[in-house]
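Sequences listed follow chains U and G, in order. All residue numbers for the first sequence refer to the numbering used here, where the first residue is 1 and numbers rise by one. All residue numbers for the second sequence refer to the numbering used here, where the first residue is 918 and numbers rise by one.
Some hints here could point you the wrong way.
[Said to hold, decoys possible] Each computed BS3-like pair below joins lysine-lysine, with the alpha-carbon atoms no more than 27 angstroms apart:
id	chain 1	residue 1	chain 2	residue 2
1	G	K960	U	K430
2	G	K1025	G	K1059
3	U	K155	G	K990
4	U	K26	U	K56
5	U	K237	U	K160
6	U	K146	U	K106
Calculated from the structure, these hints are not laboratory results. Note that this is a predicted model, so its numbers are computed, not measured.
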Amino acid sequence: MDTITLNIDGQEVKARRGMTVLEAAKEVGIYIPTLCYHPSLSPFGACRLCVVEIEKMRGFPTACTTPAAEGMVVHTNTPQLQNLRRNILELLLSEHPHQCLICDRKEHCGPFDICLRHVAVAERCVICPKNGRCELQQVAEWIGIKELTLPYTYKDLPVKRDGPFFDVDYNLCILCGRCVRVCQEVRGVGAIAFTYRGSQAMIGTAFDRPLLEAGCQSCGACVDVCPTGALMERANKWEGLPERQVVTTCPYCGVGCQLKLEIKNGNIIGVTPDLDGPANRGQACAKGRFGIVEFVHHPQRLTSPLIRRDGEFTEASWEEVLELVAGELAKYQGNQFGLISSAKCTNEENYVMQKFGRAVMGTNNIDHCARLCHAPTVAGLATSFGSGAMTNSIREIGDAACILAIGTNTTSAHPVIGLEIIRAVRNGAKLIVANPREVELCRFADIFLRHRPGTNVPLLMGMMRVIVDEGLLDSSFIEQRCENFAAFKDSLSNFDLDFVEKITGTPGELVAEAARMYATYKPATLLYAMGITQHSHGTDNVMATANLAMLTGNIGKPSSGVNPLRGQNNVQGACDMGALPNVYPGYQSVATPAIREKFEAAWGSSLSSIPGLTLTEIFDAAYEGKIKALYIVGENPILSDPNAKHVEEALKRLDFLVVQDIFLSETAQLAHVVLPAVTFAEKDGTFTNTERRVQRVRQAIEPIGDSQPDWQIVCQVAKRLDANGFDFEHPAEIMEEIARLTPSYGGISYERLENGGKIWPCPDREHPGTPILHVGTFARGKGKFIPLEYKPSAELPDEEYPLILTTERSLFQFHTGTMTRKVKGLNILRREELVEMNPQDAQRLGIADGDQVRVLSRRGEVLAKARVTEVSPCGVILMTFHFAENPTNVLTNPALDPVSKIPELKVCAVRVEKLPA
Amino acid sequence: MVEQIENMLASYKGEKGGLIPMLQKVQQRLGYLSPEAVSQIAKLLNISESEIFGVASFYAQFRFTPSGEHSVKVCLGTACHVRGGVRILETVERELNIVPGGTTQDYKFSLERVACFGCCALAPVMVIDKEVYGRMAPAKAKQILAEY
Ligand code: SF4
Ligand code: SF4
Ligand code: SF4
Ligand code: FES
Ligand code: FES
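Could you build all of it, start to finish, from the sequences and the hints given here?
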């Protein structure tokens, strides 16, 4: 590495080239006061508190903007500098409440001191919510300012409370601009800016509008960087300092942001994103930042086991309920039993559950909601590359030269990965967005391909045809690393641009331009999500993305690859742990005798060699009475699965249904027995995020009420069924067993995860982890090109049902809303289901923005409010599935992808009618 | 109107440095920077509306409300300042219930502050449309406004 040596205050300091003087000093623990500097932001040089003297340099350069150089001699603390800083600070304090800062009895100040009686607003530190963690306090303390010679003005501005989560008191603002910079630079939003000038200068919004109207996404990044009490979270504003902090992993999406839970009196009082989080580096989104405390401490949490007696739930003791569950389940061993595990639970819990299903209940009927999101990824990428996960890590996205984001509304569904895309664009990367919906990312895109829902294969094949025809392919990569190219090349002949334009509705020339861009700016990375997978030809779509990456040699290198963005916090881990009907942990096939023997020996039980039923098949089997008992952990299939009425009916026909969850979800309401589980904050474990990084979940508070961790509950049931191998005392022991039996997790242990997660494959204790897959050789040896043809979606619009319905996600709600809808502020940001439709369609149907409409498909109907917007293309309507009162999945089509058995959630034919007012 | 702005701005597309000339052009045409115009410039340049507003509000030349029938200008140049220009401005602000850059609800007056009219001998000075009123006092200013 490129190191330089300089001298700071007489101390020899080694620094990396490119570091500033400030960073070099920080590295060795030399304090230089700063106010506008923040490690997440580019240097600003505005507050001038960080001035230093550098020999052979004139004046007083600011340490935060001056690059460290070889042989530099720096002084950070001379009388002259202190004087300068004192003057700067005095100027700042003349407009900032400072009585306490310069008070000479500061040390003796007690809770009921007399000066308190005179104040009504936060005009001194002891009554400021930031007291004790304010950077201005720290700086004033260090400089030791004792009196103020300048006249003082209190700005007397009203405190703004227009957003749902934080208060804005610009009387305390020192105009350091950190909030403005984080909002523009890092979040790409720019809701706030410096406005006006001179004595009127203040942080503000366009036309002084309320924050939310200025585009604020309530991410809280500005609150986190503000050095003073100007921006404060409302919920914990007056809670004071936390007693301790626990670093853990966000329970919402697959990004895996590292969050610090702040604890006081046994409760979580706040959450801040961790600057050291590898995927999020100090960022989060509204859900993780503001949406945790309220759901964890929600009064509706299940606190006691429930047993249905005469149609009513009654509370019961664990003893009683475990006895009942074990007794009932004993009747249904074998294939009459099914287990639905959870992508919300930890790896250890998923491991224990599939072990329970296989070793104790004797069936492979185990699945979870990955079936509904990335089953085609697992199937498709395994066929093409030999491994079905993101090929590269999240951090690498920001350094790509070109990004193709197809079928992903990244800024809504994976907000913090969205930031990585924005970082890449700021660094000059090209961005191609392919999506039927004009998603937020289009603002940053060089090319926006608006293809029709269900036409990914022709779009991608069209691009590949152009790349081949124009000779932009990477021939040597294809020759050395891949196979089956000739057959694939032949299949391209059907996809000339005229055909592509006709099917996709995207101008051929634009498709060609995108192809050239992707093929020439290297490294190029491809990101995709549900827009690729949730189709009856989802596996084909996935293989098309794999073909494209191989064709241009964009795989096995930094910042390249094919990157499926996975939705749930631990959907990657639940798959890795074998919560799937056909594989044991680590994707080891149940049908391979040698592998089965290994697990039989380890678990001391004979195992079934027949792959079990998939999620959708489990419900069908329940409907037909073939499955009689079902154990559902932490999932809500009544809202999340297609053709929801059928699922509900299937559940009602069961002889015995156990649901284990944190709330009485729509699904739990149908159960015979409900077991209260704890949230992520009340247990230890690990989640594996979308980039395959195994990260710790750490217990922050005691379980609420009588609830218990999922792993503990399942182990107790197993033991009551006389099973061995469920005597775990702590999840760390479960991880030891996982590591022994799962090659890709072989080197994972709690000890090693203490200082940050590890990316699998991590085969042994010395292995550092593998951020980039398929370097040098593919997991399956050679990368396999797959010839593809165009297959239309299973249900296309016709006269009776003339519109296409496609489903999407809101930034502010998550999945079926079991957690997010418990958070008031998130409900303010997104209150209800909206049917997004294009103005042309709306006009034809006589529908105006805000009208109540009825959406009908062949399977059911849903009422919701219309939202007329250009964001939705002609002929297509968009809905989420977060809202139980408007269950969108009553409408969707359960037509399955033949390979991966994913239902076609992204395309179904519907009709929209206006409701009489 | 939206189309008008679009045509006008089309020629600037992609030139990120061109924000200020663009704002000037819009103001020349519309007399002020309307929210619609700012929103379109934002889309065109891919800068947020708040950023644009921030830049525009830094310069005294831009206004964000359509101008009223009569333009009232109060001088706060050195001479006028010394002789109580601030009090005149405050009086007008109170009378019309607007701040500099604003327009009354009935679109009758808009108010601006200026640096110097070049007739310092008459300080403090207020100008309504083309009419110059010198040696102002709060009561006098009120009276003059009432005559319009
Ligand atoms: S909450 Fe986020 S989007 Fe809103 S102003 Fe702050 S940084 Fe910007
Ligand atoms: S609100 Fe906070 S972060 Fe923003 S400029 Fe003021 S002091 Fe700095
Ligand atoms: S929901 Fe996703 S992006 Fe938001 S804080 Fe949690 S992990 Fe990060
Ligand atoms: S921290 Fe360096 S100028 Fe503000
Ligand atoms: S200072 Fe007012 S006219 Fe010159």
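Now the hints, each set against the structure:
The suggested pairing of G:K960 with U:K430 holds, with an alpha-carbon distance near 18 angstroms, which does not exceed 27 angstroms. The straight-line distance between the Cα atoms of G:K1025 and G:K1059 is roughly 15 angstroms, inside the 27 angstroms bound, and the hint therefore holds. Restraint check for U:K155 and G:K990: satisfied, since their Cα atoms lie roughly 26 angstroms apart, inside the 27 angstroms limit. Proximity of U:K26 to U:K56 is assessed by CA-CA distance (about 22 angstroms); at most 27 angstroms being required, the pair is judged to hold.
In summary, the hint linking U:K237 to U:K160 is supported, as the alpha carbons are separated by about 14 angstroms, within the 27 angstroms threshold. A threshold of 27 angstroms between alpha carbons decides the hint, and for U:K146 with U:K106 the separation of about 11 angstroms falls inside it, so the pair holds.
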